[in-house]
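So the sequences go chain by chain: C and L.
Quick note on the working numbering: the first sequence kicks off at 3 and runs consecutively.
Quick note on the working numbering: the second sequence kicks off at 3 and runs consecutively.
Keep in mind that the hints were calculated from the coordinates and are not lab data.
Note that CB positions come from ideal geometry on N, CA and C, so glycine has one too.
Possibly wrong hints are sitting among the right ones.
Claimed, not checked - Across the chosen pairs, the derived CB separations fall in these ranges:
1. Arg276/L / Leu137/C: 18 to 28 angstroms
2. Ser75/C / Gln200/L: 12 to 22 angstroms
3. Lys96/C / Ile266/L: 52 to 62 angstroms
4. Arg279/C / Gly273/L: 14 to 24 angstroms
5. Leu137/C / Arg46/L: 18 to 28 angstroms
6. Arg82/L / Ser75/C: 51 to 61 angstroms
7. His63/L / Arg279/C: 48 to 58 angstroms
8. Gly305/L / Lys203/C: 21 to 31 angstroms
9. Arg31/C / Met263/L: 48 to 58 angstroms
10. Glu126/C / Lys73/L: 47 to 57 angstroms
11. Asn151/C / Gly325/L: 36 to 46 angstroms
12. Lys96/C / Ser286/L: 57 to 67 angstroms
To be verified - Straight line, CA to CA, 27 angstroms or less: simulated DSS-like cross-link-like pairs of lysine-lysine:
13. Lys281/C / Lys281/L
14. Lys73/C / Lys73/L
15. Lys203/C / Lys73/L
One-letter residues, chain by chain:
2 protein chains.
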Amino acid sequence: MVKIAIDAMGGDNGPSIVLAGADIALVRRPDLEFQLFGEEAVVRPFLEAYPRVKAVSTFTHCEITVQMDDKPSQALRKGRWKSSMWRALEAVKKGEADVALSAGNTGALMAMSKFCLRTMAGIERPALAALWPTLRGESVVLDVGATINADAQQLIDFAMMGGAMARALLDVERPSVGLLNIGVEEMKGLEEVRVAGQILKEANLDHLNYIGFVEGDDIGRGTVDVVVTEAFAGNIALKTAEGTARQIASHLRDAMSRTLMGRIGYFFARGAFRELRQKLDPRSSNGAVLLGLNGIVIKSHGGTDGVGYANAIEVGYSMAKNGLLTKINQDLGDYHRAGFARDIADVVIEEAK
Amino acid sequence: MVKIAIDAMGGDNGPSIVLAGADIALVRRPDLEFQLFGEEAVVRPFLEAYPRVKAVSTFTHCEITVQMDDKPSQALRKGRWKSSMWRALEAVKKGEADVALSAGNTGALMAMSKFCLRTMAGIERPALAALWPTLRGESVVLDVGATINADAQQLIDFAMMGGAMARALLDVERPSVGLLNIGVEEMKGLEEVRVAGQILKEANLDHLNYIGFVEGDDIGRGTVDVVVTEAFAGNIALKTAEGTARQIASHLRDAMSRTLMGRIGYFFARGAFRELRQKLDPRSSNGAVLLGLNGIVIKSHGGTDGVGYANAIEVGYSMAKNGLLTKINQDLGDYHRAGFARDIADVVIEEAK
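Please build the complete structure, drawing on both the sequences and the hints.
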């Protein structure tokens, strides 16, 4: 059994997509159980509409819903202890659920997660990790939104957490890890990135194959299983890739529909276009993971549909089933055994400056 | 007449693409003149092969060539005063040429440009600006590689320089400008970006329409004419977009060639695919501009061909013809008249902290 605690109010469309998604996920994973949190009057009708989901779910009424435009501080003030988002996180904290999942306000979810679950021992700051479709399959990219201007030690933490996530999700034993950097020689990129790279190289960890710096175009190429960066550049990379994909899809649609020959070609090749659409479908990489907390927290896109939401449930399912938290602790243990406890790393960082 | 001083040795293929590019550019712009710098034995045969280019060019032999893998400090040590790269920049400094152009080592070109031409009065650090194809046409994106961790004042300088470049190149009178930021509410992005936004809003410049923050996916959408960011995130955004475009092109090729129906569809729609290829052709946005120097310096991709190199020449031509440097000085003047001299901005920046 994998138990998922769900903030049923989160997202642009709330319980309608949440329940539809749970229904789809159940078909694939019959050993799922759900704990749903939300406003009874809103959620109940959808719960009744999905009897299969209802049969494996508990429902808890919560008066407060965090709004998509609440500031994190607002959300914490009004929603702590009693909002559907908080209650889902709390279920994980109490050990009643394996995973908390919300399609709600990202900033609020990050703030509440930190407050409710706290960061793991040995981890200073959480990171938001995304699954990124590549030419080779999928890679883990982090941080895409939690910790801006991460320092060298935090980047190393991210490398280990991302490595653990890749082991839990991508079926690789010793994931390859690269630090995102820029290739302009004069700069050699950020100092924090250089220092983190030096330490990762020296630490030579059992569960993590550090291969060096990678550049922006290596992400889509799938050069490494895990791409590590701080949140500002990571979020901009993610959004830029989404924008570029939409832009090319739009150019392609225009080009194919402008002429009769284009339309005939489209008719013949519609199977190929369907295949391409599936490859580029943002729903199939929905479900970012907030790493570094005492519990598994998944963030779904607010605007996704049932298929996308089911994918976020699947990410949570795999993380729980494959022991994400145990794997992160293993990696932290390796790092410490390698003589790279935080205080030693601090000395290396100082010397490198 | 527009006079372009060319480092004929720069790039992965040196003078062969340089001369081919010059020949293509001349057809479109018969009022071009070239000053070529390079090793005589290498350049001369190509010059003889393009009599049209030879007729409007001078050639100066330079013993030293900056290598693609030279560190900027190395390049400066061995190449100052006498390398083909330096001599091209020096031609601009002496007023003998309007534009310096190189497809060589980016770090070396930035270091030599700063050393040879110095930054403009009122500009602290240079920025590398790229032309970015969008759904609406083209936008200027800067900084994509020169100044990492730019502070608020430097971001404001970049906004003005990017605005001037858009006016010179994109035929807009009051370009819209956005600061690249991330939308995660908890953070509201980088502090430097917030402060720069506040000042740009208050300054309300004549030649620049500041519209606020934009995110990564706004770049391809063409939401603004000018996207401003510091060099780390900017370079990663640029490379990530290039990688995503290559990735999608590869998926598309695979999908169309896998089945007979796909191949038939491709046959009919090959006109549409040609159109798409042209839209995505990286050669047509080749030619980044190093802004903020006392002179126009263009960097061509090292791996481009004649068509791409001709485009870099065209960028330089337009910049000179449309008075880029004058326009930057106008914008700096506006900014100072608006009461936002650097020392006043410093106070605002302090207060905002």
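Failing hints, ascending?
The structure breaks hints 5, 9, 10, 14; every other hint is satisfied.
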